[in-house]
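Colleague: Taking the hints into account, I'd like the entire structure generated from these sequences.
Number of protein chains: 2
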Amino acid sequence: MIILGIDPGFDRMGWAILEKKLGKEKLISSGCLITKRSLLYGERIFGLGQELEKIIKCFKPDIVAIEQLFFFKNQKTALKVSEARGMVLYIVASKNISVYELTPLQIKMALTGYGRAEKQQVQKMVMNILKLKKKPKYDDEIDAIACAMSCPAKL
Amino acid sequence: MIILGIDPGFDRMGWAILEKKLGKEKLISSGCLITKRSLLYGERIFGLGQELEKIIKCFKPDIVAIEQLFFFKNQKTALKVSEARGMVLYIVASKNISVYELTPLQIKMALTGYGRAEKQQVQKMVMNILKLKKKPKYDDEIDAIACAMSCPAKL
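Those sequence lines, one after another, are chains R and Z.
Heads up, the first sequence stops at 155 in our numbering, and the numbers go up one at a time, no gaps.
Heads up, the second sequence stops at 155 in our numbering, and the numbers go up one at a time, no gaps.
Hints should not be assumed to be uniformly reliable.
[Unchecked claim] Covered stretches of chain Z (chain R as the covering partner; in silico rule of three or more C-beta atoms under 8 Å from a C-beta of chain R):
1) 45 to 57
2) 90 to 98
[As the list claims (entries may be wrong)] DSS-like mimics (lysine-lysine), calculated; alpha carbons at most 30 Å apart, straight line:
3) Z/K76 <-> R/K76
4) R/K119 <-> Z/K80
5) Z/K131 <-> Z/K26
6) Z/K131 <-> Z/K54
7) Z/K76 <-> R/K119
8) Z/K95 <-> R/K36
9) Z/K36 <-> R/K60
10) R/K57 <-> Z/K95
11) Z/K80 <-> R/K80
12) Z/K60 <-> R/K80
13) R/K95 <-> Z/K57
14) R/K36 <-> Z/K76
15) Z/K73 <-> R/K80
16) R/K76 <-> Z/K95
17) Z/K80 <-> R/K54
18) R/K60 <-> Z/K95
19) R/K137 <-> R/K24
20) R/K95 <-> Z/K36
21) Z/K95 <-> R/K80
22) R/K60 <-> R/K36
23) Z/K54 <-> R/K60
24) Z/K76 <-> Z/K137
25) R/K57 <-> R/K135
26) Z/K137 <-> Z/K20
27) R/K76 <-> Z/K73
28) R/K76 <-> Z/K80
29) Z/K73 <-> Z/K36
30) R/K95 <-> Z/K60
31) Z/K36 <-> R/K80
32) R/K54 <-> Z/K95
33) R/K57 <-> Z/K80
34) R/K57 <-> R/K133
In short, the hints are calculated from the structure, not lab data.
This structure is a prediction, so every number in the text was calculated from the model and none was measured.
Here a beta-carbon is modelled for each residue, glycine too, at the ideal position from N, C-alpha and C.
Modeller: Here it is, written out as structure tokens:
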């Protein structure tokens, strides 16, 4: 089963392709899409969408696991993240791919067994389980990997 | 100039096609897209997007005027509206159509000259200016018309 994990965002959007097979997990690919602030808003959202289309076309995921916003402090950021989420959900639905939404709490629970785990603990678990040698440059990328790992293999 | 006004939403999304020509405004068409709550989330956002695609294909707008969220009380609703906005912005950008974003305050100012005007006052102005005989069933539809009317004809 191929899972595409997404950590939605507008400035940066993390993505990860994870294979779950016979109880084993293997990271196939991951990255972070970055949009230039100098571009128009429409160009940025369109650019993100086009990259996402390429990733889906290339890896043909069976399911998309995406982080869900729950509580937030910064209203403006939350609205922008939601806009990016809306774009992702639309593209994924247009390809007829199922979506599994996870809250940060669910991701923390799945990876550390503790819903209030620190970000660093979650990242450490991701690195250990997948035996990653190098930590990804952006947190968004590792968050997307964590999201894919927390998605149940059988739905 | 053909303006597509959008009042973004997830349960209901208002839309309006307005023609602005030589200082005159004419409402060509308008409506309200409604998604069934019984459907899956992905199906709903995809359905809204497909209807929007049809409207764009049919009326070929030169510009899309869309309401911008500013302040909000209900976080959950605001996030859902933003997701719908993200989907709209992505589709519009993919058609290479410009977007003009308006806050509720700007719309009120443009139509009544007063930024804190009541909803009813704005609706009355819309009805009077466009000489509408019947008030649209849903507020979302009249809000979309107001949004299109508030968009400057020349950008």
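Colleague: Hey, R/K95 versus Z/K36, does the alpha-carbon distance stay inside 30 Å?
Modeller: Distance ~20 Å between R/K95 and Z/K36 Cα, so the pair holds.
Colleague: Given the hinted pair R/K57 and Z/K95, is their alpha-carbon gap at most 30 Å?
Modeller: The hint holds at about 21 Å.
Colleague: Decide if the proposed pair is consistent with the structure: R/K137 and R/K24, CA atoms, cutoff 30 Å inclusive.
Modeller: Holds, because 25 Å separates the two Cα atoms, which is no more than 30 Å.
Colleague: Holds or violated: are the alpha carbons of R/K60 and R/K36 at most 30 Å from each other?
Modeller: 27 Å, holds
Colleague: Z/K80 and R/K54: Cα distance at most 30 Å?
Modeller: Distance ~26 Å between Z/K80 and R/K54 Cα, so the pair holds.
Colleague: Below or equal to 30 Å on CA atoms is what counts here, so check R/K57 against Z/K80.
Modeller: 27 Å, holds
Colleague: What's the verdict on Z/K137 and Z/K20, does the C-alpha distance respect the 30 Å limit or exceed it?
Modeller: 24 Å, holds
Colleague: Sort out whether R/K36 lies within 30 Å of Z/K95, counting only the CA atoms.
Modeller: Given pair Z/K95, R/K36 holds - Cα atoms ~20 Å apart, limit 30 Å.
Colleague: Under the criterion that the straight-line Cα-Cα distance not exceed 30 Å, is the pair Z/K80, R/K80 satisfied?
Modeller: 11 Å, holds
Colleague: For R/K57 and R/K133, compute the direct alpha-carbon distance and say whether it is at most 30 Å.
Modeller: 28 Å, holds
Colleague: With the threshold set at 30 Å, check whether the alpha-carbon distance from Z/K76 to Z/K137 stays at or below it.
Modeller: 25 Å, holds
Colleague: Z/K36 and R/K60 were given as a pair; does the straight-line alpha-carbon distance stay at or below 30 Å?
Modeller: Within the cut-off at roughly 29 Å; holds.
In summary, this structure violates none of the numbered hints.
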